[in-house]
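Colleague: Go by the hints and put chains B and C onto chain A.
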Amino acid sequence: MKRMFKKIANCTAAAIAATVMVGTVYAGETIVMDGSTTVGPLAKAFAEFYMRQNPGVNITVAESGSGNGAKSIINKTCQVANMSRFMKDTEFKAAADAGVMPVAHVVALDGLPILVHPSNPVRNLTVAQVRQIFTGQITNWKQVGGPDLGIVCVSRDTNSGTYECFNELVMNKEKISDRAEYVGSNGAIRQRVQSTPAAIGYAGLAFVDDTVKALTINGIAPTAANVRDGSYPIARPLFMFTDGYPKLGSHLQRLVTLCLTEEGNSLIKETGFIATTDY
Amino acid sequence: MPRSVPVLHTPPPNTGSTQYIQPVPCRLLRNIRRQNNWPRHTTADGTHKRTRIRMNTVTVSTSVKQSLMMSRRANRMQRLGQMLGQAFLFSITSLSAIAVLFIFVFITRDAIPFFMPDAGSFNWSNIRQFFTETAWYPSARPGQFGALSLFYGSAMVTLGAVLVAVPLGISAAVCLSDVLPFSLRQIVKPVIEILAAIPSVAYGFFALVVFAPLLQNSGGSVLAFGFWLVALPVMGIACMLAGETVGARFSETRRRAAALTATACLGGASLALLWLIGRELSGMSISSGANAFNVSIILGIMALPTVVSVSEDALQAVGRELREGSYALGATRAETIIKTVMPAAISGILAAVILGVMRAIGETMVVWMASGNAAQIPSPFYNFMEPVRTLTATIAGDMGEADHVTGSSRYHVLFALALALLAFSFIMNLVSEAIVRRSRKKLGK
Amino acid sequence: MNLHTRKLLDRSFTAAGFFAIVMMACALILILYPIISRGLGAYIFRATCEHRRVQFEEFQAGSRQEIEREAAEIAAVRQPVFDMIAAHEKDLKAELQEAFDQVRALAAAEGGFLQRSLERRLKRAHADASLEECLAVLSDIRESLKGQYDHERFIGVIGVITERKQRVEQAAGKLSDMKHALRDLLGPLPGDRRPELLRSHYGQTRWDRSLHYLDKFLYRYDWDYTNAENTGVKTRTPRADEFRGTDLEPAFGYVRDNIEAMMQPRLTFYWRFLTTDSRDAHFFGGIWPEVLGTFYLTIGAMLFAIPMGVIAAIYLCEYARPTKTVSLLRSCMSTLAGVPSIVFGLFGLAFFLNTVGVSDSKSVLAGSLTLALMILPTVIRASEEAILAVPFTYKEAALGLGAGRWRTVLTVILPAALPGILTGIVISMGRAAGETAPIIFTAAVSVGLAISPLQALDSPTPALPWNIYNLCTEHEAVDEIRHVQFGMVFTLVALVLALNIIAIALRARISRKLRG
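Protein chains in written order, with this note's numbering: chain A, 1 to 279; chain B, 1 to 445; chain C, 1 to 516.
Same shape as in the complex, but just chain A (with noise of 0.2 Å):
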């Protein structure tokens, strides 16, 4: 027995040795950034691009939604909240009792393209449209020029910035029909709509690709030249929040600022937001 104890607390020791002699390799200033998910895939890159250009910086991006970016940053647990819509004013009145002053760094600007099975005819919608089927008053798409079938809404989940933009933006405060899905994520989104034939969603503009159709609003594709000039109706700005404007010259300024650079702007097109600026 004596052995079997021994053994373990070699194991032990060794593993804690291997541990600490990884582990130092890594030291340095840390960077947390928290909020929504459809900002993830942007701020990942550009974490990832920090870290490259700056050995020595851990940055975490943790994907919890906007209202968790908010809290975090109000509650002062992470440097950078990442937030798909503007924040509340009972969040910055939180922020200002808590003594955090919320600075907003747009960043990327996003269109909601409506998502559709590519299997199924319809082009084009209009908003109201949109909204008459997330509402529930139109259930078949035979309604909207479609085939006889009827229509599987998806939604994303009710704590995410892209939920309270289409409900701003497409909803006009109409309630979402309770037989709408909920998921929890843009990319789920996408999942949902290309496996099923009947459905309809909404996403970020970067996690469109072949295997869904985005379709025309008014006539208006969602593309980057109609986003950038405020034609296409359902687009938003993407936020980074900071506690103050940092320091001029800091990591913290600029990995937000990121976006302004020439390699900002092109992780921004590579990635599939809109770039605020333009080289």
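Check each hint, because a few of them may be wrong.
Here are the simulated distance ranges between beta carbons [unchecked claim]:
| id | chain 1 | residue 1 | chain 2 | residue 2 | range |
| --- | --- | --- | --- | --- | --- |
| 1 | C | S327 | B | S121 | 21 to 29 Å |
| 2 | C | D192 | A | R52 | 41 to 49 Å |
| 3 | A | S250 | C | R194 | 24 to 32 Å |
| 4 | A | S250 | C | P238 | 52 to 60 Å |
| 5 | C | D128 | A | R228 | 25 to 33 Å |
| 6 | A | R123 | B | L430 | 54 to 62 Å |
| 7 | C | A25 | A | R228 | 53 to 61 Å |
| 8 | A | Q53 | B | N217 | 40 to 48 Å |
| 9 | C | A94 | B | N217 | 47 to 55 Å |
Over 10 Å on every C-beta distance to chain C, these chain A residues come out as not near it, computed from the model [claimed, not checked]:
| id | residue |
| --- | --- |
| 10 | I59 |
| 11 | Q137 |
| 12 | Q143 |
| 13 | L169 |
| 14 | T211 |
| 15 | N226 |
| 16 | A235 |
| 17 | P246 |
| 18 | H251 |
Since the hints were made in silico from the structure, they are not lab data.
Source: prediction; values computed, not measured.
Virtual Cβ for every residue (Gly too), placed ideally from N, Cα, C.
Modeller: For chains B and C alone, coordinates are given in the frame of chain A:
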């Protein structure tokens, strides 16, 4: 009536009760001696050796006598030390109880503002809405928090899981405790343990990535296959039984032939019926693979190990005497188990079911990933092919947006849901404890 | 009931039992089979030359000469395709030439401001300019001509420009589609601007994905909506048809025939998947930060849970008298065991992070504490069982030799119960490693570096269970990194199963010993 009496292949497991006298390994005794300042004496060659004690001799060296006689003060010190030690142990032990208390306090503290926004007075309309309405719009302004559909979703998937886990689990437990020989049992047990060990997120991943697309693309065939798998043996046995019953009405000589004919006729008819139903099922298409059915199956598999191991323990605990008595009276194994062992072990089996229910209702990842998360009561209400949303998935999913700092009712409602879950598991736990206690009393242990 | 029926019932009863056990085994196999077979695919797969390039350039693995030799070989095989594309582009540019000539002539004839402005624009469409640039210049020129107050004079030139541009633009659109598909397969083409995202620096690293993209390169998938009553039908047309009669037509056959030489697939055991961190949101690289995070969380949870659990078990078995308090304690513990895991997560957030404030942000420490609380009942129960299983004779002997109660526990009972306690601990380690819900709010993030034990006190970490959830639902390219997801699930399941197999082996040893 000549018949073979089945014999229990294995003795009940050795639980180390006092009736078996175990030899004490010397090594352990040596441990005591080493640390107990056992008196030493010097041998002729100058080395120290520990004094041997002979239990049958009265001659004990003086040093031993001294060490055995304690001074009063030392005695008091020791008792004080013992008390302190015990107090320390008790406080550590009670930490887990305190944890439960804290969990209750913290969850309740954050849940209360939902039920009474102004201190001291209940907001009845909120409460009524919470329990009786199905409109779940937490981010609308003002939010609507009708949690009935969430309760319903949780109940639905739990019921589905129970339907899967309980029949399978109890038959497996019976098989394990009474049918399988010891060697086979040693092979089957690890299967159960591995099923229990697979992390819930792996189950969820399987449900989302493998099972849901399968259901969606060829849901009809899957359903038909499952139906055949269950219905075919049941029908077969039913037909054979019915054939036997019919055959019993004929005279001895023609009995066998009549039974066979009746079985064949019934079997043919039921096969045709099965084929029809199977064809109907395989023609079905499922619009969404992420639905209550998917989650129920997976949760059922997850709850299986709990049900099997707890009910097997209960069956084992019944003991050999009852079984042997029953066999001696000429009962078959099935009759023994159903009429004698099961009634004796019923409370343990109930406890197993309750534990299975708790496992299913508290599961988060699987339902969050694969239940479709639609806050609705399916129509018709027993339609398992519709997506549902459960309490746990709602907590996990909505917590991200619930603005904690502003203390909105959106945040507090999630704690209200958690409180409901907690209360349910607490009550279930009390019930299962009461059942187990009763069974212990009944079995006289 | 006659004897025959009873026998039949008995048999079917036995059969039902066997059926249940077989079903259980089948369920286990059905669940584990895809996880293991596809999960192993993350470690052992046919890796293309692009994989080796990623490994060399990002992780400094492999020899330089080998990579360079391979790169040269591949470049030689790929070059004909690029040449064909260049030739086709040249053809298209030549078609635009007439329009440019006319503009040049016009500029020469007009003179003055218009000449200068046209020539400035024409300069941008020099011989090396890309097709897109030439087209852009043409439309620029057309706009500027249309903008003149007397643009009726240029109607002829404008007409030529428009006609040529339309013809070429259509072809150019097809070409850019084709180049896009080729880029997905082989990585950036020569002359492309260097992209910033790492995933677009390389072609397909896995042979199965390469074949998928080869198909997308060779065929164009479209949807036929001619029957408006019904859903569209997927159509598949060879891309070569679109380029019939051009220089590009043979390219498709060439790529199809030489794809192996272009990608050089080789069966690879990619053990670095376990030991390297990920690049570009898990497109490349491994899962080390996640594995390490899981490791920290598990060890951390055990550090809290083992002492508490074992001490509680000792107290309950050896010291506690059956009083009201103790039975209350026991029912508290079983309540704790029944609390849903998500509630633990909420409690961890509300208590450890928001009330006590063990760290500023989510952290391994907070996650470990939450997990420890969750597995505490399991540890207590397992230790209790192990202690109770120690034969009473041991204790009697020890007490008989004059050992005190505490000494008996320390020197006789604990060592004898140790294998049993270890079994319980190892099983609950498995549970702690695989649990997701409690760490969502307390410890887990989706991207981060591997952290050191000291950082574990105050930084969050990626962890296998959470990242599995994250990658299979929230990632922007779920299908592209399916193998990573399966690899992660496989690693987690393997980890947990290994722990359980250790436990099973330990228990087998005990039962052998107890039976003598």
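Colleague: All hints, please: hold or fail.
Modeller: Evaluated hints:
1. S327/C - S121/B: 21 to 29 Å: violated, 37 Å
2. D192/C - R52/A: 41 to 49 Å: violated, 20 Å
3. S250/A - R194/C: 24 to 32 Å: Since the Cβ atoms of S250/A and R194/C sit about 28 Å apart, the hinted range of 24 to 32 Å holds.
4. S250/A - P238/C: 52 to 60 Å: The hinted range 52 to 60 Å holds for S250/A and P238/C, with Cβ atoms some 55 Å apart.
5. D128/C - R228/A: 25 to 33 Å: holds, 30 Å
6. R123/A - L430/B: 54 to 62 Å: holds, 60 Å
7. A25/C - R228/A: 53 to 61 Å: The hinted range 53 to 61 Å holds for A25/C and R228/A, with Cβ atoms some 58 Å apart.
8. Q53/A - N217/B: 40 to 48 Å: holds, 45 Å
9. A94/C - N217/B: 47 to 55 Å: Cβ of A94/C to Cβ of N217/B: about 49 Å, so the range 47 to 55 Å holds.
10. I59: violated, 7 Å
11. Q137: Holds, because the least Cβ-Cβ distance between Q137/A and chain C comes to about 22 Å, which exceeds 10 Å.
12. Q143: holds, 14 Å
13. L169: The assertion about L169/A holds, with a minimum of 22 Å to chain C.
14. T211: At about 8 Å from chain C, T211/A fails to clear the 10 Å cut-off, so the statement is violated.
15. N226: holds, 18 Å
16. A235: holds, 18 Å
17. P246: Its Cβ never comes within 10 Å of chain C, the nearest being 17 Å, so this holds.
18. H251: The assertion about H251/A holds, with a minimum of 14 Å to chain C.
When each numbered hint is compared with the structure, violations occur for hints 1, 2, 10, 14.
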